[in-house]
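Visitor: Please construct the entire structure, taking both the sequences and the accompanying hints into account.
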Amino acid sequence: MTSYEENPARIEQADIVVGIPSYNEAQAIAHPTTQAGLGLLQYFGDKTSVIINCDNNSGDGTKEAFLNTPTEVPKIYISTPPGVRGKGNNLMDLFAKVDELGAQACVIIDADLQSITPRWIRNLGEPLFMDFGFVAPLYVRHKYDGTITNNIAYPLLRSLYGRRVRQPIGGDFGISKKLVRIYLEHEFWSDETAQFGIDIWMTTQAIAHGVPICQAYMGRPKIHRLKDPGADLGPMFSQVVGTIFGMMGPCEPYWRGVKWSRPTAVFGFGLGEVEQPPPVEINREGLYRRFSEGLTQFQGIWQRVLASESFAKLMEVTEMEREHFDFPSPLWARILFDYAMGYHNLDGERETLLASLIPLYFGKVYSFVLRAERMSLQEAEEYIEEQCMTFEETRPYLDERWGKRGKKDAQDSRGR
Amino acid sequence: MPKILVVDDEEPIRLLYEEELQDEGYEVATAASGQGLLERIEQEKPDLIILDIKLADSDGLDLLQEIRTRHYDLPVILCSAYEVFKRDVKAIAADAYVVKSSDLTPLKKAVRRALEGRGR
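Same order as they appear, the protein sequences are chains E and R. For what it's worth, this note's numbering labels the leading residue of the first sequence as 1, then goes sequentially. For what it's worth, this note's numbering labels the leading residue of the second sequence as 1001, then goes sequentially.
Hints in this document: simulated from the structure, not taken from any laboratory. As the structure is a computational prediction, the values presented were derived from the model and not from experiment. All C-beta atoms in this analysis are idealised placements derived from N, C-alpha and C, irrespective of residue type, glycine included. Certain hints may be false.
One-sided excerpt, in silico: chain R residues whose CB lies under 7 Å from chain E [stated by the list, open to error]:
| id | residue |
| --- | --- |
| 1 | Arg1087 |
| 2 | Ala1093 |
| 3 | Asp1095 |
Guide: Shown next, in the form of structure tokens:
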């Protein structure tokens, strides 16, 4: 992949880089660029720094909006070739450039961030100069924001890899020079990873390589372009979930040794009163409808993928009245583990398999929305933590099924 | 035999935990205050710490932060008579949060899990 670069200040070295991946973010990118520039000056003024926009050849003027944003810190624009899309591809371009510049630290922030302050750059960057290799964000989010994180990415990452990283696909990260090298020499890459699967891929690689991890407390909520999970799922779901399931094969030696999760250190307190996140409107009707439609469309696949007990329990759930709908967490954990098995047992049809999981996810989110309606943010958070514990307690179920698969694979290979 | 350091300013609690955890097969050391805790950790080299939050001379949540800075991977279980501190974001850095009770089953379960989890 030959990337395009504009480096007006001819920067050849930097101690710290802030990278902003984008696609068609001309309207939004000036704000995070300004804040990144201020943060680098204020907190890393003794170091050489640069801001890099890693873009997908946007046609809306993202490049001009970025380069024309006034900052004292120099800027570089890089882009994938025309037609090559994906956040994962953007970040691989960024990592190659970070390596070339010899930077000790790389901070990544989303291009549509509205609530970023200079302090975010400090909190994501400073731990990298204190022997941490990977910094994940920790911010207050609305209870209905981040539903893929809360219901899939966080519980699966925690129960499989044994680290409690609350925002594993948060979009804003800090990465050390050593970890950048690990990413560039990656062992596992897929079409999903090249897109929105990149965040969970980075977090998982950091854990699996034993890199010291911390969470940076951002103080302010993440305010960006909010999405209604019932309306805007798009391809992100399959890319994130496909990456998680896909990595379970190559990372098996690691996660098979994990029993219970461990906490992750937190950096950056003392930020005063915590701001409340903005409300998230949710289309309950749409969530329930998409779950019910799934029954007609995917019941056959569900029956093939799920263990018979899980399928029977799911059929009970489908018969529940809408007002009293409940999707129990132990069932949800088993379903995700069954799907992980299904993903690995199939060579083709993985797209259909992931598509058939989407209605179940909508059912789970709908159940959460009903349950959390009167919960405070803190109570909703405690519910999510309890759900994670259920995933950890259900792990022996996965281990047993995966073990049987391992034996079957061994028998098959002997047969060949 | 895994070694546990119990940090609590109430003597009856220290004695109770010491006795019960020894019965479970652990070696137990105790400390009555948070002062000099980091040095004590260097000396004792515990495999796990049970840390009270409302110590007479220090705040267990602040101590947890200090422990995490120097001993990144050392399991720490926070113990308190109050549930409310669980909601403090600093408590996230603990392996578990246990509300004090005469029934030590949740504490023992948390100890077992934290020590098993440390294997990775």
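Visitor: Run every hint past the structure and note whether it holds.
Guide: The hints, checked one at a time:
1. The beta carbon of arginine 1087/R comes within 5 Å of a beta carbon in chain E, closer than 7 Å, and the hint placing it at the interface holds.
2. A distance limit of 7 Å between C-beta atoms decides the matter here; for alanine 1093/R the minimum to chain E is near 5 Å, and the interface restraint holds.
3. Taking 7 Å as the C-beta contact cut-off toward chain E, the hint placing aspartate 1095/R at the interface holds, the least distance being around 6 Å.
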